[in-house]
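As given, the protein sequences belong to chains A and B, one line each in that order.
Position 529, counted from 1, in the first sequence is what this note's numbering calls 790; the numbers after and before it change by one each time, with no gaps.
Position 146, counted from 1, in the second sequence is what this note's numbering calls 407; the numbers after and before it change by one each time, with no gaps.
In case anyone wonders, no lab produced these hints; they're calculated from the structure.
Treat the hints with care, as some may be off.
Copies of the same chain look alike in the list, so a pair counts if it works inside one copy or between any two.
Claimed, not checked - Cut-off 35 Å, straight-line C-alpha distance, at most; resulting in silico cross-link-like pairs (DSBU-like, lysine-lysine): (1) 515 to 319; (2) 280 to 515; (3) 522 to 485; (4) 534 to 311; (5) 412 to 755; (6) 303 to 413; (7) 816 to 598.
There are 2 protein chains.
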Amino acid sequence: MERSAVYHISEHVYAYPVKSDVLAVRLKVKKDDVHCVRVHYKNIYDHQAKPQAKTMEKILSDAHCDYYESEIHVPEKRFKYYFELLFEEGQRFYTADGFLKDIGHFNAFFYPYINQDDLLDVPLWAKGETIYQIFVDRFANGETSNDPANKKSWGSRPDRRTYYGGDLQGVIEQLDYLKGLGVKILYLNPLFASPTYHKYDIEDYYTIEKIFGGEKALESLVEKAHQKDMKIILDGVFNHCSSNHPYFRDVLEKQEASPYKDWFMIDSFPVSKQERNYDSFGGLVPSMPKFDTTNPEVIGYLTDVAAYWTKTLNIDGWRLDVADEVSHTFWKTFRTKVKKAKSDLLIIGEVWNHASRWLQGDEMDTVTNYKFREWLNRFALQEISASTFWEKIQANMALYKKPLFPYLINLVGSHDTIRNKTLLNDEALHYLSFALMMMFEGMPLIYYGDEVGMEGGEDPDNRRAMRWELTDTVLAENIRQLCRFRARSEILKKGTLRPLSLDKRILGFERTYQNETLTVVFNFSEATYTFDAYEVQTIHFGEATLQNGLHIPPKQFAVVS
Amino acid sequence: MERSAVYHISEHVYAYPVKSDVLAVRLKVKKDDVHCVRVHYKNIYDHQAKPQAKTMEKILSDAHCDYYESEIHVPEKRFKYYFELLFEEGQRFYTADGFLKDIGHFNAFFYPYINQDDLLDVPLWAKGETIYQIFVDRFANGETSNDPANKKSWGSRPDRRTYYGGDLQGVIEQLDYLKGLGVKILYLNPLFASPTYHKYDIEDYYTIEKIFGGEKALESLVEKAHQKDMKIILDGVFNHCSSNHPYFRDVLEKQEASPYKDWFMIDSFPVSKQERNYDSFGGLVPSMPKFDTTNPEVIGYLTDVAAYWTKTLNIDGWRLDVADEVSHTFWKTFRTKVKKAKSDLLIIGEVWNHASRWLQGDEMDTVTNYKFREWLNRFALQEISASTFWEKIQANMALYKKPLFPYLINLVGSHDTIRNKTLLNDEALHYLSFALMMMFEGMPLIYYGDEVGMEGGEDPDNRRAMRWELTDTVLAENIRQLCRFRARSEILKKGTLRPLSLDKRILGFERTYQNETLTVVFNFSEATYTFDAYEVQTIHFGEATLQNGLHIPPKQFAVVS
Numbered sequence: 262m263e264r265s266a267v268y269h270i271s272e273h274v275y276a277y278p279v280k281s282d283v284l285a286v287r288l289k290v291k292k293d294d295v296h297c298v299r300v301h302y303k304n305i306y307d308h309q310a311k312p313q314a315k316t317m318e319k320i321l322s323d324a325h326c327d328y329y330e331s332e333i334h335v336p337e338k339r340f341k342y343y344f345e346l347l348f349e350e351g352q353r354f355y356t357a358d359g360f361l362k363d364i365g366h367f368n369a370f371f372y373p374y375i376n377q378d379d380l381l382d383v384p385l386w387a388k389g390e391t392i393y394q395i396f397v398d399r400f401a402n403g404e405t406s407n408d409p410a411n412k413k414s415w416g417s418r419p420d421r422r423t424y425y426g427g428d429l430q431g432v433i434e435q436l437d438y439l440k441g442l443g444v445k446i447l448y449l450n451p452l453f454a455s456p457t458y459h460k461y462d463i464e465d466y467y468t469i470e471k472i473f474g475g476e477k478a479l480e481s482l483v484e485k486a487h488q489k490d491m492k493i494i495l496d497g498v499f500n501h502c503s504s505n506h507p508y509f510r511d512v513l514e515k516q517e518a519s520p521y522k523d524w525f526m527i528d529s530f531p532v533s534k535q536e537r538n539y540d541s542f543g544g545l546v547p548s549m550p551k552f553d554t555t556n557p558e559v560i561g562y563l564t565d566v567a568a569y570w571t572k573t574l575n576i577d578g579w580r581l582d583v584a585d586e587v588s589h590t591f592w593k594t595f596r597t598k599v600k601k602a603k604s605d606l607l608i609i610g611e612v613w614n615h616a617s618r619w620l621q622g623d624e625m626d627t628v629t630n631y632k633f634r635e636w637l638n639r640f641a642l643q644e645i646s647a648s649t650f651w652e653k654i655q656a657n658m659a660l661y662k663k664p665l666f667p668y669l670i671n672l673v674g675s676h677d678t679i680r681n682k683t684l685l686n687d688e689a690l691h692y693l694s695f696a697l698m699m700m701f702e703g704m705p706l707i708y709y710g711d712e713v714g715m716e717g718g719e720d721p722d723n724r725r726a727m728r729w730e731l732t733d734t735v736l737a738e739n740i741r742q743l744c745r746f747r748a749r750s751e752i753l754k755k756g757t758l759r760p761l762s763l764d765k766r767i768l769g770f771e772r773t774y775q776n777e778t779l780t781v782v783f784n785f786s787e788a789t790y791t792f793d794a795y796e797v798q799t800i801h802f803g804e805a806t807l808q809n810g811l812h813i814p815p816k817q818f819a820v821v822s
Numbered sequence: 262m263e264r265s266a267v268y269h270i271s272e273h274v275y276a277y278p279v280k281s282d283v284l285a286v287r288l289k290v291k292k293d294d295v296h297c298v299r300v301h302y303k304n305i306y307d308h309q310a311k312p313q314a315k316t317m318e319k320i321l322s323d324a325h326c327d328y329y330e331s332e333i334h335v336p337e338k339r340f341k342y343y344f345e346l347l348f349e350e351g352q353r354f355y356t357a358d359g360f361l362k363d364i365g366h367f368n369a370f371f372y373p374y375i376n377q378d379d380l381l382d383v384p385l386w387a388k389g390e391t392i393y394q395i396f397v398d399r400f401a402n403g404e405t406s407n408d409p410a411n412k413k414s415w416g417s418r419p420d421r422r423t424y425y426g427g428d429l430q431g432v433i434e435q436l437d438y439l440k441g442l443g444v445k446i447l448y449l450n451p452l453f454a455s456p457t458y459h460k461y462d463i464e465d466y467y468t469i470e471k472i473f474g475g476e477k478a479l480e481s482l483v484e485k486a487h488q489k490d491m492k493i494i495l496d497g498v499f500n501h502c503s504s505n506h507p508y509f510r511d512v513l514e515k516q517e518a519s520p521y522k523d524w525f526m527i528d529s530f531p532v533s534k535q536e537r538n539y540d541s542f543g544g545l546v547p548s549m550p551k552f553d554t555t556n557p558e559v560i561g562y563l564t565d566v567a568a569y570w571t572k573t574l575n576i577d578g579w580r581l582d583v584a585d586e587v588s589h590t591f592w593k594t595f596r597t598k599v600k601k602a603k604s605d606l607l608i609i610g611e612v613w614n615h616a617s618r619w620l621q622g623d624e625m626d627t628v629t630n631y632k633f634r635e636w637l638n639r640f641a642l643q644e645i646s647a648s649t650f651w652e653k654i655q656a657n658m659a660l661y662k663k664p665l666f667p668y669l670i671n672l673v674g675s676h677d678t679i680r681n682k683t684l685l686n687d688e689a690l691h692y693l694s695f696a697l698m699m700m701f702e703g704m705p706l707i708y709y710g711d712e713v714g715m716e717g718g719e720d721p722d723n724r725r726a727m728r729w730e731l732t733d734t735v736l737a738e739n740i741r742q743l744c745r746f747r748a749r750s751e752i753l754k755k756g757t758l759r760p761l762s763l764d765k766r767i768l769g770f771e772r773t774y775q776n777e778t779l780t781v782v783f784n785f786s787e788a789t790y791t792f793d794a795y796e797v798q799t800i801h802f803g804e805a806t807l808q809n810g811l812h813i814p815p816k817q818f819a820v821v822s
């Protein structure tokens with residue numbers, strides 16, 4: 262047995278409460294190195310009873326390691342535990358002091374007490390549901406009277422200053438279209454008053470942009486969405502603001518005499534846009550000065566904004582821009598305040614890389630899972646095999662607590678990436694990737710227009726106006742059907758995922774919920790794939806035939822049981 | 262190379278800021294498996310420059326793993342990095358997506374931004390300083406007029422109800438004795454009004470116990486200690502209170518109508534002491550009902566207590582009782598409030614096992630390091646060899662950020678353990694262990710009387726009245742000298758520690774600070790040990806002779822350079 266690979270700490274994703282008296286414990290070991298792992302556990306203060314023992318389940322495997330997990334129950338909430346590893350030559354005990362033969366009281370791992378604030382509290386309504394992301398200016402123009410003067414014609418290519426006239430009334434008018442796609446959650450790009458079309462540089466956090474229809478239109482959208490059992494999520498841009506924001510202008514004007522001088526990350530006075538002697542979005546964009554998000558006044562101001570709109574509009578969540586640069590103190594306060602305003606609010610962080618730091622329960626509920634996109638694209642483009650795809654995907658999942666798996670936000674594109682269809686340069690591959698996202702464990706996020714196969718290169722080309730004429734195509738109809746299929750399936754929304762080892766260009770997996778299993782097989786190869794390792798009875802979805810095995814044509818997939 | 266052992270996450274002890282633009286990164290690998298580890302790093306948003314590279318230092322080794330660490334500097338505070346591992350057959354790159362040959366932008370590890378609240382903020386004045394723990398009733402009786410009626414004679418054996426008459430005036434009168442021991446910090450066991458001698462069950466958080474001399478005596482102690490450049494730390498018992506506390510009595514009386522019904526962990530109503538249907542200290546002691554430390558009212562009340570006494574008495578720190586059962590929300594609020602009252606206050610958690618959860622920077626500054634005691638005792642009692650001692654000690658240190666190493670509170674005994682001399686049952690072994698604690702990296706904690714070799718079994722026998730007559734013994738004089746030696750030595754207080762591989766019964770290590778090194782060798786064997794692996798010039802401390810090598814008699818030690 263490879264002892265150097267064995268890893269556990271009594272915190273983080275390795276030990277976390279799932280109920281007030283149930284602790285999930287995880288152990289990392291070398292891949293295929295042990296036959297079985299058991300956890301022995303009891304109440305810390307019970308010096309009499311023998312510990313209970315439970316066999317752990319292998320929940321994940323990456324390229325080099327297996328991850329075992331189990332939930333253990335101690336009514337007194339005071340956990341003491343150690344692991345037993347069974348392998349070819351025998352059995353070893355792994356403790357807080359490493360491998361030991363004689364395990365004393367203090368050699369066990371301790372989880373001393375489960376307090377209520379240790380428990381994950383993720384909104385149940387969001388589990389596995391589909392999100393649809395809307396760039397309001399580019400989606401639908403429902404009310405021409407609020408159009409900006411300089412708007413471009415709907416079909417023309419965007420530049421970095423273009424307006425198209427899309428608005429909230431346009432979104433309202435398309436609610437049935439979105440409902441028809443099985444969408445549960447609309448995530449709207451920023452809506453607060455700002456000098457740009459994208460509105461990631463906010464001038465006034467207390468005004469909804471007039472060209473979008475203002476507060477009234479947003480109120481109406483929330484109300485109508487709620488009537489259709491849909492949810493509305495706003496984009497929270499709290500890392501930086503516009504250099505036109507009155508507080509930053511006050512600093513430019515009064516310099517060190519400004520009451521807001523400590524609100525921003527200023528290198529030296531006199532500060533000026535020309536000198537760029539202050540930090541900004543990515544350190545690169547002087548028109549977006551960065552807040553000091555550790556300053557209690559800044560925290561107070563911006564979290565008040567979030568709580569105000571949460572209450573005033575009765576929205577259902579926030580997507581947090583540049584979430585990984587904002588201070589942890591900020592997000593902890595943010596969570597407390599917005600959850601007080603609405604307890605089942607969903608908080609999504611925009612994080613492009615490992616995000617476990619923000620997902621310990623006291624900051625965000627979930628994050629954008631860009632790792633899914635990266636490895637799916639690499640697989641679709643034949644850069645990696647199916648087994649590598651699973652190794653990378655599971656290495657990423659190993660960073661998170663298991664209850665979060667159905668909440669990770671899987672996406673094949675966003676306003677910050679090349680359009681999926683353009684990147685893959687193949688409609689069939691786009692369809693397969695999109696379908697895989699819809700069949701996967703997690704919350705799929707549809708970037709407006711991807712469901713009709715819109716094209717577009719890097720920003721700003723990935724933000725073209727919605728091509729409504731494409732909603733009648735075969736691709737759009739196929740995607741609509743699979744989105745609706747997911748929306749109706751508790752297994753797809755809430756089930757666990759277990760990868761199947763099939764072929765190099767075949768991605769197969771099982772989804773299981775309450776003892777029901779769906780098997781999903783994607784054929785990314787150029788030949789028909791025959792899946793015969795399984796007694797298939799029913800094809801629930803996809804282009805495949807059943808005759809001495811399940812035959813899946815090239816670039817098709819099937820959902821079967 | 263054993264890839265399954267390689268581990269890094271971009272948070273916790275594996276990635277933590279040490280300055281506003283400097284990040285410490287740590288990598289775990291299999292022991293003796295790689296020749297060299299380098300970290301490549303640059304600003305996340307710099308897509309032009311080649312990353313910088315830095316060779317990492319092996320800072321720790323346990324039984325199966327080596328830990329490499331390095332500090333990397335990115336002025337923009339936005340860190341992107343990956344590791345290069347050099348081993349016999351070549352070189353591999355380890356990234357956020359595991360081992361990769363082609364490393365894309367998002368495959369690197371990200372530490373997206375250093376915010377000020379990410380920085381550790383541990384009081385510099387405490388670094389490596391000596392703590393002396395005083396059970397006030399048992400230390401010195403300075404004022405007989407406040408003696409409790411039922412006190413026992415000073416030399417008699419304690420039971421669980423005994424009072425001896427010790428008081429704060431007694432401590433004041435012994436300040437010179439303590440100063441003479443090189444003590445910087447006095448940690449006083451609980452002083453708030455309570456029905457027991459130990460006062461871990463508090464009735465009134467706003468009253469200093471009259472039998473100890475009350476608030477006036479404590480004020481005077483703080484003032485006089487400060488005049489001698491000594492610090493005072495109080496014991497904060499916030500996990501539970503006395504069942505006589507008015508709020509718990511109110512619950513017993515009014516039951517569900519009590520405004521304090523949610524302040525405690527009550528299983529069912531009617532609640533009663535007889536039924537024991539509420540949680541308590543360890544779930545075992547009904548006279549100590551446990552607070553619900555997630556209740557905002559409880560948090561407000563108890564952290565107000567802490568802030569009040571911090572300000573009123575100008576104390577220098579808190580030692581937090583049962584720190585590991587109190588909620589994280591509580592400790593985060595606690596830290597914010599007491600540090601606001603006094604910014605360089607020292608916060609010590611009582612934690613008996615792994616404590617990294619509480620040491621991420623926003624809760625405690627440091628904790629009791631009972632793992633040091635356990636493995637030192639096992640070594641002294643010949644249960645383990647020197648190499649095992651180092652493996653266990655370093656496995657424990659690997660749980661903490663490097664800047665905390667000189668703050669970990671090493672102890673050979675406390676009011677909750679058998680007296681060290683009694684456990685080891687040998688004066689020479691007691692002396693050696695005690696000396697080792699004083700020469701080690703960390704903050705040594707002297708439990709009153711251990712420095713004169715007091716004896717005592719389990720609680721209550723480990724809490725006998727101080728035997729002042731023993732301060733004249735050879736043992737006491739030797740210990741006094743070595744304590745003073747530490748107090749004068751910046752190397753011992755602030756230097757890093759590097760273990761030496763010597764003999765099975767020999768514990769040797771180097772302490773280094775600002776390019777000066779002291780070598781410390783403890784001979785726990787029954788024979789004279791000759792240390793010749795080093796060009797020793799000077800013996801700074803200990804019983805040893807220099808003649809063709811350094812000769813250390815049995816059960817002696819030497820500090821040399």
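Which numbered hints turn out to be false for this structure?
1, 3, 5, 6 and 7
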